[in-house]
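Visitor: The two chains are supplied separately, each in an independent frame; assemble them into the complex guided by the hints.
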Amino acid sequence: MNIIVFIKQVPDTDKVKIDPETGTMIREGFEATINTFDLHALELAVRIKEKTESKVTTISMGPPNTEDILRQSIALGADEAILLTDRFFAGADTLATSVALARAIENIDFDLIIAGERATDGETGQVGPEVGVLLGIPVVSYVSKLVEIDKNSIVVERSVEDGIERWQVELPALIAVTRAVSEPRLPTLSGKKKAMKSSVKKLSASVLGLKPEEIGLRGSPTRVSKVFNVKVTRNVQMYEGENLQEGINRVVEILRGYVK
Amino acid sequence: MKYSKVIEEIIQKLIEIVGEENVKTEKDYLEKYSKDETSEVKPHLPEVVVFATKTEQVAKIIKLANEKLIPVTPRGAGTGLSGGAVPVYGGIVLSLEKMNQILEFNPEDLAVVVQPGVITGEIQKLAEEHGLYYAGDPASSESSSIGGNIAENAGGTRVIKYGPTSFHVLALEVVTPTGEIVRYGGKMLKNVMGYDMVRLMVGSEGTLGIVTKITLRLVPKPKYLSTLLVPFDSLENSINSVPKVLSTLGFLPSSIEFMDKESVKMASKFLNEEIPNMESPAHLIVEIEAQDKDSLAKSYMKLGDEMMKNGAVEVYIADNRHHREKIWKFRKAIAEGIIAFRPTHCMEDVSVPISKMPQIVLEAEKIARNNGIEVLSFGHVGDGNMHVTFLKPPEMSSDSWKERLENSLVELYKLTAKLGGSITGEHGVGVKRRRFLKIFMTEEEIEFMRKIKKALDPNMILNPGKIF
Ligand SMILES: Cc1cc2nc3c(=O)[nH]c(=O)nc-3n(C[C@H](O)[C@H](O)[C@H](O)COP(=O)(O)OP(=O)(O)OC[C@H]3O[C@@H](n4cnc5c(N)ncnc54)[C@H](O)[C@@H]3O)c2cc1C
Ligand SMILES: Cc1cc2nc3c(=O)[nH]c(=O)nc-3n(C[C@H](O)[C@H](O)[C@H](O)COP(=O)(O)OP(=O)(O)OC[C@H]3O[C@@H](n4cnc5c(N)ncnc54)[C@H](O)[C@@H]3O)c2cc1C
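Here the protein sequences come in this chain order: U and Y.
Every letter in the first sequence is one number past the one before it in this note's numbering, and letter 75, counting from 1, is 75.
Every letter in the second sequence is one number past the one before it in this note's numbering, and letter 244, counting from 1, is 504.
No wet-lab data here; the hints were simulated from the structure.
On a predicted model such as this, the values are computed, not experimentally measured, just so you know.
Treat the hints with care, as some may be off.
[Claimed, not checked] With a Cα cut of at most 20 Å, we get these calculated PhoX-like pairs of lysine-lysine:
id, chain 1, residue 1, chain 2, residue 2
1, Y, 569, U, 193
2, U, 193, Y, 558
3, Y, 265, Y, 320
Here chain Y stands alone, though its shape is the one from the complex (with noise of 0.2 Å):
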């Protein structure tokens, strides 16, 4: 593709569009804007950065770029771990920040009309202020946008029971690659009237069109919550109890969590804290839900008791706060350990289904020790989704680390494929999975996401290098 370049005439445009204090090509903001969060995906510096603050705005911008082929770059707050808004052919990154509104909040609908640059903390901090959930909560939900958890179709730690974000979204005004602006959905659940335009936008990555205004579902929010904490005496058992639980339990808890051994050593190194039997091979967080104390307890009380017959080798019930928060800390903590302790690693995102994952798990260790690498494992059990975490080992040159990482990420995705798997469940195959899509799909399955893009985008303007 032969993209133009950002000349001062284009500037000047993009002034007279946002106003001068939107538009922004000093280096610092270029290099800023230049990366998300993803490792092992290479920064790559826009021409210019420009902040929105109106849908007609963001159409304007479409339309000249569309003239002057010039490529544009949706971008949220950058937490994206896929490479999303890495503005890989230089061009515009059209920043939606500073649309950061929430417009209405309609608890008489069970609904909340929010602007694509709220950080999704915000939204579920004012539905429950109502007695109500915004049940989406990926563990980035303090940082990133609620626009960027549209466009990866951002899942976390609830979706077992209330599924990832495309399950909480009513109604979307996009503004499409080729500069219209667009409304689909509404403030009901149901609507069949044509295609399901919104679901299709859900997850597309900011590649068919930029997310203007949101309209989001509420559900009521739950009164009583506790959390499990579930050592277990082999990785298999950890992870195969789950189903087995599930079908005798008569309920959904919200999240159910894993957790490798070395995951556990990484959060317990970061934090400086020990959770109790950190020898043992796997431990699970189970989080359930009530609407009064009794009915908690005999829930946890149940759970246990199927747990333990199913290889736990205690169950720690958590029902106050003080010991809740504990216990997400140290699960949140994993990420952070790997930040900080291991910052060159590449985490990835596969899914399988439940009966697969031991199996990708234990694959994994091998593939790594294989190729003198190391390996963690954690994840969204509930929902058959694990993230690997390949880690360079301290003493290994960087060159030796990239062939290494590479065959391990091949020998991964192809177990994956043959297990019925997907190569990414939350995080999107942006820029980072780009060039091991084949490994999942056909050419034909490939080319008609691409017809699809194609007539959208006939110019290849919008997020270009990213999926495909």
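Here chain U stands alone, though its shape is the one from the complex (with noise of 0.2 Å):
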């Protein structure tokens, strides 16, 4: 089985921040790495392929130096990296990441693509699932865990706001996986060792025959035309000492509430 997997470099940090002032994220002072959703969605891929005789192969698209942690999913178990690279595709939007990525894919065989529930920096969550549009496959997202997969079909659970769906599609299909849905492992000496010697394969736009009106800033639809921190205010109540039983009243009644 090919099985293919969404690879994103991101700042390394938790707290995304933006500039007020220009409305951009701030990537100054973090170092570059991979996106953890898609860790965990490299440790599911290497999983199956360790069960299943099946070939990874790790895609991204972004600066050069991408190629760093293109080499660190290979330390993980990846046996090929694709680094799309190009000053056309600089300045892309969800749809143009979409565009190249699946242009990309075309070309090569594939049964399986996992890609991160979402990007620790963009956060939109629409990569993986536009990828799936574009290409005409099955698209299942939010997936928790992977219950079985064989040549033509794999059965994920997937997990929603009041409970668990299970699915089964044919592949080939795209998934897109949450943390649950496996424990990313540590590399070992002897990953970093292949790592080393591995090289990793770079495509321009040209190359995938994609235009400079299709791809990056200029195949970019969307507009941002605000980008602001969400400020989240708490009215807090605090009952103690004598109050302490109308507290827990008030706790009460708020929870049958909810149970209705």
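Guide: What follows is the structure in structure tokens.
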């Protein structure tokens, strides 16, 4: 089986900060790292590979230094890595990103694509489903568990607000996974050595037959009109000492309201 | 020692010094300040808790205590692991928590000046924001105070490269046990003017003076870090590999931590998470630093290869934050697991030459077995410090536990002394280990220390009942 995993390079921070003046993300001062969700996606792929003789290919679109994190993906068990890098890709929104990724994937033999639920910086969660649609294959998002996989189909569980859905879809398909799907392993010394020796395959827009107006800034219909930090205000009410009983009653009341 | 009670007149005088809001006699306060984090040390209520906000207030309180013969126990954040902040003779607990300001940040001198109540983690954070590093790093850095770190000469996980707290202290302002304000040291590394009073104060467990201002040394912050998790085929190989590997590396890792199998299980249970090779008899965690990515990779490859030659069954390499945090979270969960699942325990802190560490761990297992109790060991291999921790089996009565623990401790200490070790590497003697000091020191050696104490604190008012 051939499995493709999306890898995005993101700034190494849990708290993405937006510059209030320019509305752009503050990337300075952070090292680049693999999007955490993609680590979980990769782990799932490698586990499937360990059970079913598969080949795992990681793919990313990004600047040339993305090569570094693609090598990390090899240390973690990927067999091959592909980097779409070209100045024409710069400034891509989710659609332009998806167009490029889908085009590259079209040229590869694949059975399953695994995306992370979202990227920790952009956080739209759109790239996975968009690529699936562009390729015309089934998409299951928010996958929290792989139940079964064989040559022709996959059974997964999907976490939704009020429960868990179980889906069986035909392959090839794309799944976007949450962190629960698998716990990423630590790279080993031998994995690191393998990664050091391996090379990352680089593809440009022209090699993929993509025109400048389809990709990058020019291929991006999204216009960001305003970006702002949401202020969360909480109204805390303290019940102490003598008022404790009143507080308990209030909690019960609120809980009852929810149960109804 | 005969002390006086804290009568109303004294409370009034204390209020005059620090203000009413800083003098507490309510039961809640007395209880909270009767203990620290040490299990196996009985709490003892103070008569009053006083919060100082200025050095001059500390001096006045100490003068008053001398005049009226009231014992004073200094206290930082109360995270101590030897009962150092427990007021065993009652009297005044003098809390430095409110003296929590960073007074000066001087990157041009590679120094920072702070009050004793500042939480250590805040100093680390400030330095790191400016590309610098406060290298002192007890596992309790998010909760302990810098004053407490100084009083205990706290260690932690970076001692092998950066040394314990004492290595980072450039100058101190101290209120003496008789109430004078003195200052030693300066914003420079070299200073041999008279006795090394700074070093005498560091690690004196609050018995020789109250630290009221501290100048700390900063060093460049390492740019790239990598953390290796290394399971071994045997406990002996895990520890014995360390000196062998170090002598071929050409650089010093910043941490080398040891976890035995039981410690790994404890952390795993606490986090409900596993690490690879759970069944290995021992794991090491090694952290290395580098100024660029290439040299980092070279370093961990070399280190990994050497470990593999010396009994490692695998080497896991974390060089991104996600993986590194996972490993350190696991290491730190050992103590949390012990506290959560085995509240009745005794965490020891012996330190021995590195080559003797396997013997300590293996003998501790034997000692526990012979006494019918349980044990786990984790610690800082780089610096010879092992936290042998005895655990009460759940079904054992507390009388039986006390007796068996006492026997186990005596056996462990006798062995440690024989191996040329110390009863405590970083947690201090406090009340907890006081009665065992004579296993390690001669009467003359203890008396010589006592003479210093008596000379500086003739009325024995400052933190009595500690060390000896
Ligand atoms: C506030 C904000 C403003 C932005 N403004 C602009 C703008 O003005 N112009 C503009 O062009 N772009 C802009 N972007 C960037 C861009 O829209 C996205 O960062 C990018 O397209 C990917 O989307 P995402 O980060 O939401 O990924 P998600 O859709 O959340 O990611 C889902 C999955 O797709 C994978 N994936 C995402 N991107 C890649 C990739 N490049 N290669 C491989 N896998 C990938 C992820 O790793 C993950 O597995 C902006 C982003 C934000 C957050
Ligand atoms: C989960 C956990 C992990 C820990 N990990 C480590 C570790 O890795 N390494 C390590 O070394 N320790 C560790 N400790 C022990 C403890 O945190 C340290 O000993 C710390 O230095 C105590 O600081 P504190 O502010 O809590 O001091 P306290 O407990 O309040 O006091 C400790 C001693 O210092 C004296 N003292 C406090 N402030 C002053 C002052 N300003 N002037 C004079 N004397 C003063 C007190 O009288 C007392 O004797 C750990 C503790 C816990 C609970």
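Visitor: Of all the hints given earlier, name the ones this structure violates by number, lowest first.
Guide: none
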